[in-house]
Amino acid sequence: MLKTFQGGVHPPEKKELARDQAIEPFPAPPEVVLYLSQHIGAPAQPAVEKGDTVKKGQVVGEAGGFVSAPVHASISGTVKAIEPRPHPLGGDQPAVVIESDGKGEWAEDVNDERDWSGMSASDVRDAIQAAGIVGMGGATFPTHVKLSPMDGKPIHDLVINCAECEPYLTCDYRQMIEQTEEIVAGLRILMKATGAENGWIAIEANKPDAFDRFVAATEDDPDITVEMLEVKYPQGAEHQITAALLGREIPSGGLPLDIGVICQNTGTTVAVYEALRYNRPLIERVVTVTGEGVERPGNLRVPLGTPVGAILEAAGLRDGVNKLVLGGPMMGLAQYTPEVSVTKGTSGILALVDAEVYDWRACIRCGRCVDACPWQLVPSYLSIICEAKNVDAIQASDIMDCKECGCCTYVCPSRRPIVHLVKYGKGELARLRAEEQDRKAED
Amino acid sequence: MTPPAKKKSASEGSGDQFVISASPHIRHGDDISRVMWMVVVALLPALFAACYFFLWDAVRIVLIGVLTAVAAEAVIQKLSKQRVTVGDGSAVVTGLLVAFVMPSNAPWFAPLVASLFAIAVVKQAFGGLGCNIWNPALAGRAFVVACFGGLLVGGWLPSPAQPDADPPVEARPANWVAVPEGRRFAPDEYTRTDAVTGASALSARKDYLTAIPESEEPPVLEEQLGATPRETLRMVQRANNTGRLDMLLGAQVGSVGETSALALLIGGALLLATKVIRWHIPVAFLGSIALFGWLLPFHVPALEGARVTYGWVWAGGQPLFEVLAGGAMLGAIFMATDMVTSPITRRGRLIFGVGCGLIAVIIRRYGGYPEGVAYAILLMNTAVPLIDSYTKPRVYGT
Numbered sequence: 001m002l003k004t005f006q007g008g009v010h011p012p013e014k015k016e017l018a019r020d021q022a023i024e025p026f027p028a029p030p031e032v033v034l035y036l037s038q039h040i041g042a043p044a045q046p047a048v049e050k051g052d053t054v055k056k057g058q059v060v061g062e063a064g065g066f067v068s069a070p071v072h073a074s075i076s077g078t079v080k081a082i083e084p085r086p087h088p089l090g091g092d093q094p095a096v097v098i099e100s101d102g103k104g105e106w107a108e109d110v111n112d113e114r115d116w117s118g119m120s121a122s123d124v125r126d127a128i129q130a131a132g133i134v135g136m137g138g139a140t141f142p143t144h145v146k147l148s149p150m151d152g153k154p155i156h157d158l159v160i161n162c163a164e165c166e167p168y169l170t171c172d173y174r175q176m177i178e179q180t181e182e183i184v185a186g187l188r189i190l191m192k193a194t195g196a197e198n199g200w201i202a203i204e205a206n207k208p209d210a211f212d213r214f215v216a217a218t219e220d221d222p223d224i225t226v227e228m229l230e231v232k233y234p235q236g237a238e239h240q241i242t243a244a245l246l247g248r249e250i251p252s253g254g255l256p257l258d259i260g261v262i263c264q265n266t267g268t269t270v271a272v273y274e275a276l277r278y279n280r281p282l283i284e285r286v287v288t289v290t291g292e293g294v295e296r297p298g299n300l301r302v303p304l305g306t307p308v309g310a311i312l313e314a315a316g317l318r319d320g321v322n323k324l325v326l327g328g329p330m331m332g333l334a335q336y337t338p339e340v341s342v343t344k345g346t347s348g349i350l351a352l353v354d355a356e357v358y359d360w361r362a363c364i365r366c367g368r369c370v371d372a373c374p375w376q377l378v379p380s381y382l383s384i385i386c387e388a389k390n391v392d393a394i395q396a397s398d399i400m401d402c403k404e405c406g407c408c409t410y411v412c413p414s415r416r417p418i419v420h421l422v423k424y425g426k427g428e429l430a431r432l433r434a435e436e437q438d439r440k441a442e443d
Numbered sequence: 001m002t003p004p005a006k007k008k009s010a011s012e013g014s015g016d017q018f019v020i021s022a023s024p025h026i027r028h029g030d031d032i033s034r035v036m037w038m039v040v041v042a043l044l045p046a047l048f049a050a051c052y053f054f055l056w057d058a059v060r061i062v063l064i065g066v067l068t069a070v071a072a073e074a075v076i077q078k079l080s081k082q083r084v085t086v087g088d089g090s091a092v093v094t095g096l097l098v099a100f101v102m103p104s105n106a107p108w109f110a111p112l113v114a115s116l117f118a119i120a121v122v123k124q125a126f127g128g129l130g131c132n133i134w135n136p137a138l139a140g141r142a143f144v145v146a147c148f149g150g151l152l153v154g155g156w157l158p159s160p161a162q163p164d165a166d167p168p169v170e171a172r173p174a175n176w177v178a179v180p181e182g183r184r185f186a187p188d189e190y191t192r193t194d195a196v197t198g199a200s201a202l203s204a205r206k207d208y209l210t211a212i213p214e215s216e217e218p219p220v221l222e223e224q225l226g227a228t229p230r231e232t233l234r235m236v237q238r239a240n241n242t243g244r245l246d247m248l249l250g251a252q253v254g255s256v257g258e259t260s261a262l263a264l265l266i267g268g269a270l271l272l273a274t275k276v277i278r279w280h281i282p283v284a285f286l287g288s289i290a291l292f293g294w295l296l297p298f299h300v301p302a303l304e305g306a307r308v309t310y311g312w313v314w315a316g317g318q319p320l321f322e323v324l325a326g327g328a329m330l331g332a333i334f335m336a337t338d339m340v341t342s343p344i345t346r347r348g349r350l351i352f353g354v355g356c357g358l359i360a361v362i363i364r365r366y367g368g369y370p371e372g373v374a375y376a377i378l379l380m381n382t383a384v385p386l387i388d389s390y391t392k393p394r395v396y397g398t
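So the sequences go chain by chain: D and L. Residues in the first sequence are numbered from 1 upward in steps of one, following my numbering. Residues in the second sequence are numbered from 1 upward in steps of one, following my numbering.
Bear in mind the hints are in silico, worked out from the structure with no lab data behind them. You may find that some hints are simply not true.
[To be verified] Okay, the calculated bits of chain D under chain L, using three or more residues with CB under 8 angstroms as the criterion:
id, region
1, 246 to 253
2, 370 to 383
3, 410 to 422
Please read all numbers here as calculations on a predicted model, not as lab measurements. Built from N, CA and C at the ideal position, the CB exists for glycine as well.
Work out the full structure, taking the sequences as your base and the hints as a guide.
Quick look at the structure:
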């Protein structure tokens, strides 16, 4: 029996569309749009002005605080504007727009090979912070914050999350195959930065070749264990991977840190390695462009800020595409325009054909959502109280434990948009709390 | 692909070509229609069995039940200006189940009234699919029993022609069924017949357990006179001790769709395989019927002259009989598993199933009706919100 967690679903994987396409560099576009907010936390502050000349790797946005990350130029050229642009999370957000000079010149103080072995843990964290690295699986939590010791809680286990449980996506898989050594080296860096004794590489069983490579690459390292997990969504969610791999649950409302664990995404680990080894900030990432609506699915190394539309144009769009998703199909965000640009969290560009708009009905209490919920919530109930706008019930519920993984909505035969309703309910809660605070402030 | 610099322009242009919705962006293939029509398919073996045993009676009752249910749903939805959803198959399921719990000699208006009540009052008046508290088909049946109970008691009408002995196997008509031997009211008329007749095994047993000696008319069980409770119980068990294989195949007296345990089990296996239902309710229900059927003592009358005394006798019950008799199989596989009216958590479903089985055995053994499955399920339906609130799973990390 492979290790796994309770609940979850197994949608068609659809990884075959792109899994055998080796990572290809995507040519630098004539213009990049670098949002100052590409991470959770305070937005970065612009460090350049309109008309400035910038080089690749140069800081264009300074971190806006500790829980924040700097933004670097991904091409060389001129700052054309600093203005709001359509953001993948919705609405327009401030961005540094750079027009390419076509040279692709690196800034002076970056992109040098260096020996990190002598660096202390805090130096490593500083280097990661300076490189602007955030969680690249989509959550975009600043990595240096995740690695910083909290309340003296010791870290025992460092998990490289190679589950890639979202259907369609293969960017992590390609990196596992093509950059096995880098990932292992990145793991060693992360273990050093945190003092974790045990390193783990957790892979879903649908990637046996990656498993074999990691086993071979870690043969001489007794501290690193490569583990195969059942193919099930959301195996790659932090809560589920710790439960599956280590048999430990993260306390409600807590972090993996609370049980001495840190999980890192595959792409993040590569970025950490490159930041330490080559002093290279995070200015590009691997993106899977895929979906039934894409003529040539593939895995591309894309400069951050590249317009999604340009990538889709290069990959070729088929007729009938009516949904554009950034990320995977289970948790990705639907976009209303291809004018948004690639961010640090863009793992996939998904063009779906004939996506349905569902006519949803009352809950028939079949209980499939309860069986599927990896958090053992009762999603049916949450959806009903949110639909009824029953604020008291929402407040008394465990709605905040829902991480919106989408398993419930995926299985619902009434086609209820449970995640949508839960998002609404959380919004109502936030609004209430804000009102309450305002009232207290007035008193 | 030059992004426009103006703020507004993003919502123009390609704005309307993409569907916007919250994640997830893919869905499992099962929707309400597929689930409901799968239940219909799973009911087909029992429907074939019904047609085999009851011929045109079954066809008549099923047609009336289904057509009434579908028509009632369509008309009500039309009148109340809702979307008409009869295509989703849920009204068909209700109609089929109503027909399945009617005796084959039920008058034509019994399935009609039951279906009408099920759809109009139990289902639509409470808000339609997903909002009803009670299983519509069973509530429909309960309503009809309450209104026209006298017309629904018993099974088939006896045939005037009474052969002395069983006809040879090859000469038996397709619907030949032996009346349970335990039936002793009028041995000459009832023991063998070519038209299926009589009362179910459960009501035969009930007659023993509720015999009143001083009444002129039956039920008077002569053989019970002077017998001790234990002896009476032995008679009960003899009465129940025949034809387990017949009961499994469906050659027993009962309602249209409930007689063939095998056909119902085949349907149940299909529902389990397609994950339309989970195992918890049927297993807990049947297990509980078997367990309590074995465990609970009988309350047996002893007739000493004109005086009736009752005695508690524990005789080890007959678990297999309890499971195969009456509506247990139909109830456990198709009625109690009605998702709308059963608990939503796995633990809740186990409790629900055990409760159904326990109440069914209590009614069968001590209640006024020979069969208690329908009322057991209806009562447990009522308890579902309570069960749900006490069986919330432990949330991850709490």
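Against the structure, the hints come out as follows:
no.: 1; hint: 246 to 253; verdict: holds (count 5)
no.: 2; hint: 370 to 383; verdict: holds (count 9)
no.: 3; hint: 410 to 422; verdict: holds (count 9)
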